[in-house]
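Student: Chains as they are written, first to last, in our numbering: chain A, 551 to 739; chain B, 1387 to 2045.
If you're looking for bench data, these hints aren't it; they were derived computationally from the structure. Please note that the accuracy of each hint is not assured.
Covered by chain A, per the in silico footprint, the following chain B stretches (three or more residues, Cβ under 8 Å) [to be verified]: (1) 1696-1706; (2) 1760-1768.
Simulated pairs of lysine to any residue, SDA-like, Cα-Cα distance not exceeding 20 Å [said to hold, decoys possible]: (3) K553(A) x K1585(B); (4) K1801(B) x L1715(B); (5) K553(A) x G1584(B); (6) K588(A) x S1769(B).
Computed spacing ranges between beta-carbons, pair by pair [stated by the list, open to error]: (7) N662(A) x V1902(B): 51 to 59 Å; (8) I1770(B) x F575(A): 49 to 57 Å; (9) E1390(B) x F571(A): 53 to 61 Å; (10) Q735(A) x V1902(B): 51 to 59 Å; (11) A555(A) x T1830(B): 48 to 56 Å; (12) D1696(B) x G565(A): 32 to 40 Å; (13) S1944(B) x P601(A): 31 to 39 Å; (14) A1974(B) x T626(A): 53 to 61 Å; (15) T699(A) x L1976(B): 21 to 29 Å; (16) I1743(B) x A592(A): 49 to 57 Å; (17) T626(A) x L1820(B): 54 to 62 Å; (18) S1832(B) x T699(A): 38 to 46 Å; (19) W1622(B) x T626(A): 17 to 25 Å; (20) S1453(B) x L554(A): 56 to 64 Å.
Even for Gly, the Cβ is constructed at its ideal location relative to N, Cα and C.
The residues making up each chain are set out below.
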Amino acid sequence: MRKLAFFIPFALFLGLSVFLFSGLFSDPMERESSVLNKALPAFALPDLQRPDTIWTEQKLQGKPYLLNVWGTWCVTCNAELAYLTELREQGVMIIGLYYQQPSDAAFGEVFNLAELQQEVALKLQQQGDPYQWNILDKDRTLIFDLGVTGAPETFLIDAKGIIRYHHVGDINPQVWQQKLAAAYQSLEE
Amino acid sequence: MIAEYGQLALTFAFCVSLALAVVPLYGSFKGNQTALDLGNPLAYALFFLTAFSFWALSYAFWSNDFSVVYVASNSNSLLPWYYRLTAVWGGHEGSMLMWLLVLAGWTAAVALFSRSLPLQFQGRILGVMGLIAVGFYAFVLFMSNPFMLSLPYYPVDGRDLNPLLQDFGMIIHPPMLYMGYVGFAVSFAFAIAALMGGKFDSTWARWARPWTLAAWMFLTLGIMLGSWWAYAELGWGGWWFWDPVENASFMPWLVGTALIHSLAVTEKRGTFKSWTVLLAIGAFSLSLLGAFLVRSGVLVSVHSFAADPDRGLYLLAFLLVVIGGSLLLYAIRMNSVRSQARYELFSREVLLWGNNIFLLTATLVVLLGTLFPLVHKELGLGSISIGEPFFNQLFYYLVIPFSLLLGLGPWVRWKQQQVQPLLKPMSLVAIATLILALGTMAATQSIQANLALLGLLLGAWVGSSAIFELLQRLQQFGSVKQGLTKLNASHFGMTLAHIGFAVLVVGVAMTKTYSVETQVRMKAGDQVELAGYQFKLVEVYDLKGPNYNGEAAELDVSYQGDYVTHLHAEKRFYKVQRSVMTEAAVHARLSRDLYVALGESLSEDSWALSLYVKPFVRWIWLGGLLMSLGGLIALCDKRYRRRVVEQKDATEQKGAADA
């Protein structure tokens, strides 16, 4: 027994190195989205430009679409607008989920819908407008339920309202070709 | 041209490392005197070639030679000359070259200072150092070559050094850290050489002690500087983040600390033999593991170099050979070792055993916290992250018994200690502890039963015990004055390091409990009060530096109407790397830091500012400094030089008898 005890450090080290080895081949930043293959969470949020219209998860069913989380304050989101607009022209349905940052009263910030509407309209006019419409998530409730860590993020949702893909980061031609195009086409059929 | 010479020198150095790995070891096993005699010259050659190579890379940075890929990606012609030189170790390839330089430096130092060791033993140490060197030189030469050229299409200017690294703390933090990491290679080599010989008297422990102390001292200093750098440069007032790479440097430190204590037991009492060898292997293994974690990209960290799976694979294979090989050798050789020494339950041996247990538990906590997310994910259980609360909680529970033990340890004799004689001095220490802790608290804050009080009590216990013990020891020489000249340096070093630990504990507890901070919007002329201090924003103006633009804020601080200081905080925008850096303004006093970071401009004339008042935060680094100073003093102990010479004859005769 005593003899075997001296082999314990060696055995522990071998065990550890197995994990170190497999760790080499996986990306530490990558994490499985918790909403994948689940239905879009229930919500009732207003349209950004026409606040009288209330969107719910049921109203969005019937056709596969991309739900793109963005904001005018987010530089990367602005950069992807042009390519998303191209996708829209190819017939991809894209719905915007507007990520409103919290207003800090201490810094004298007050939420002003009219100002926001103007700002968004101007931005989309300048950079291209990929969106069928924009849903305003003023208090970030749906964004929280979707497990969004930052903008931009994009969800691929099928006709039944099930989330099929969750992409963190911007969408560019390469990302679209490698990760989303095939999945989107298979949902279209 | 110079860069090519550097490349050439590095290639020669690799060849020399091959020779160093083979020749002295061959000599030591075959009893070939010529081969053994070659060890020292080879070690010196390795050092000089590597130093030349390092100089060549530095020259490429100095002269803005952007045909060297590494220079182009880590420097810029606008960078001030001192940052151009420190940019040499600002990226993966150059920092590996520095690693080689440090390794070659330690090897040459072993050759220089171990001439009094039996030649056979010295040959084995140099051989082991050579084996480690072969692995690292091959890695640099074939997988991360800093001398790679981009000719004929070289860039006109470079991509600049990461602005985070453009700071004084960063100039000396990595060299110190590497001195520590690689220094444990020497302890490791001593342990492996002892394993090869299969003879375990306490002599190897005596020889290994000064080397281990030196490595530990550098590592302590390196970690402390890193913490200080993060505090000054990251602009959020923290000093330790439990980042995986910080943990990677903390683990060898913990094991190294255990090793220093365990070596003392092995040397003085001839026991804990297999344990000490395992710790020596462990300290260096954890250094290697740290290098792997930083450079392979398996963990998410602010320190990570660009990840490359091939490099990771190579390093892992190297880890398997070095760590796996040495642990296997350990398992095979240690079977036959028996400790003869006897000791009672209440003795210094047992207390030092307790020290080792707590330090290793702490290591295990850090190791688990660092690697568990990786293991969890690779088992397919999903991503998790382990953060500050986990570490803080567990260290809280570990520090309490550890400190209590530490206050008692130095008083207890080897072999056996009677309880009776200790009662009087220990109750004196206890009284002093209460007075010190409550006094400090009453002087700086109001007396409350909280974490700060606990920290003060533990710190005062360890500190006053260390001082009383020193006084008592000095008096044994007749008078304190006589004792000062007669007591050996090791003892002073130990006392100072223990006081350093006490200071550190007090600093952590006070900072954690009493730090206050606030984020405010300010215009010029505005005044904000925090913890009794009035911060007045005088003005904010534009700033133009050599490779950055920015804004600077001037603040006046007063306390209850009395002017305290003027603070100057900057926010810099580095043009080439397009990144924003905060240069926090810090007014440091032993009792508190005032810390201001300039944030975003919120409108034409108002800015966001972060203000902090952090009591006793200096004590954290002061503690680290005292600890490494303690290491330095212990290192100066005469007996490390004298006894080795005395021993020489005895062991040589013994060696001759064996042969």
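Student: Give a verdict on every hint.
Tutor: Evaluation of the provided hints:
Under a criterion of three residues with beta carbons nearer than 8 Å to beta carbons of chain A, the stated coverage of the region 1696-1706 of chain B is upheld, 5 such residues being counted. Counting residues of the region 1760-1768 of chain B whose beta-carbon sits less than 8 Å from any beta-carbon of chain A gives 5, enough to reach three: the coverage restraint holds. About 18 Å separates the Cα atoms of K553(A) and K1585(B), which keeps this hinted pair within 20 Å; it holds. Between K1801(B) and L1715(B) the alpha-carbon distance is near 31 Å, which puts this suggested pair outside the 20 Å criterion.
Straight-line distance between C-alpha atoms of K553(A) and G1584(B) comes to about 16 Å, which keeps the hinted pair within the 20 Å bound. Using a Cα cut-off of 20 Å, the hinted pair K588(A) and S1769(B) holds, with the two alpha carbons roughly 19 Å apart. A hinted range of 51 to 59 Å for the beta carbons of N662(A) and V1902(B) is inconsistent with their spacing of about 34 Å. The hinted range of 49 to 57 Å is not satisfied by I1770(B) and F575(A), whose Cβ atoms lie roughly 19 Å apart.
At roughly 37 Å, the beta-carbon separation of E1390(B) and F571(A) lies outside the given 53 to 61 Å, and the hint is violated. The supplied range of 51 to 59 Å is met by Q735(A) and V1902(B), whose beta-carbon atoms lie about 57 Å from each other. A C-beta distance of roughly 50 Å is found between A555(A) and T1830(B), which places it inside the suggested range of 48 to 56 Å. The beta-carbon spacing between D1696(B) and G565(A), approximately 24 Å, falls outside the hinted interval of 32 to 40 Å.
The given range of 31 to 39 Å is broken by S1944(B) and P601(A), whose C-beta atoms sit roughly 50 Å from each other. Taking the beta carbon of each, A1974(B) and T626(A) are about 39 Å apart, not inside 53 to 61 Å as hinted. For T699(A) and L1976(B), the Cβ-Cβ distance of about 42 Å falls outside the hinted range of 21 to 29 Å, so the restraint is violated. Against the hinted window of 49 to 57 Å, the Cβ-Cβ separation of I1743(B) and A592(A) comes to about 54 Å, which satisfies the hint.
T626(A) and L1820(B) have their C-beta atoms about 58 Å apart, which keeps the hinted 54 to 62 Å range intact. Distance hint for S1832(B) and T699(A): a CB-CB separation of about 42 Å, consistent with the stated range 38 to 46 Å. About 24 Å separates the C-beta atoms of W1622(B) and T626(A), a value consistent with the hinted range of 17 to 25 Å. Separated by about 58 Å at the C-beta atoms, S1453(B) and L554(A) satisfy the suggested range of 56 to 64 Å.
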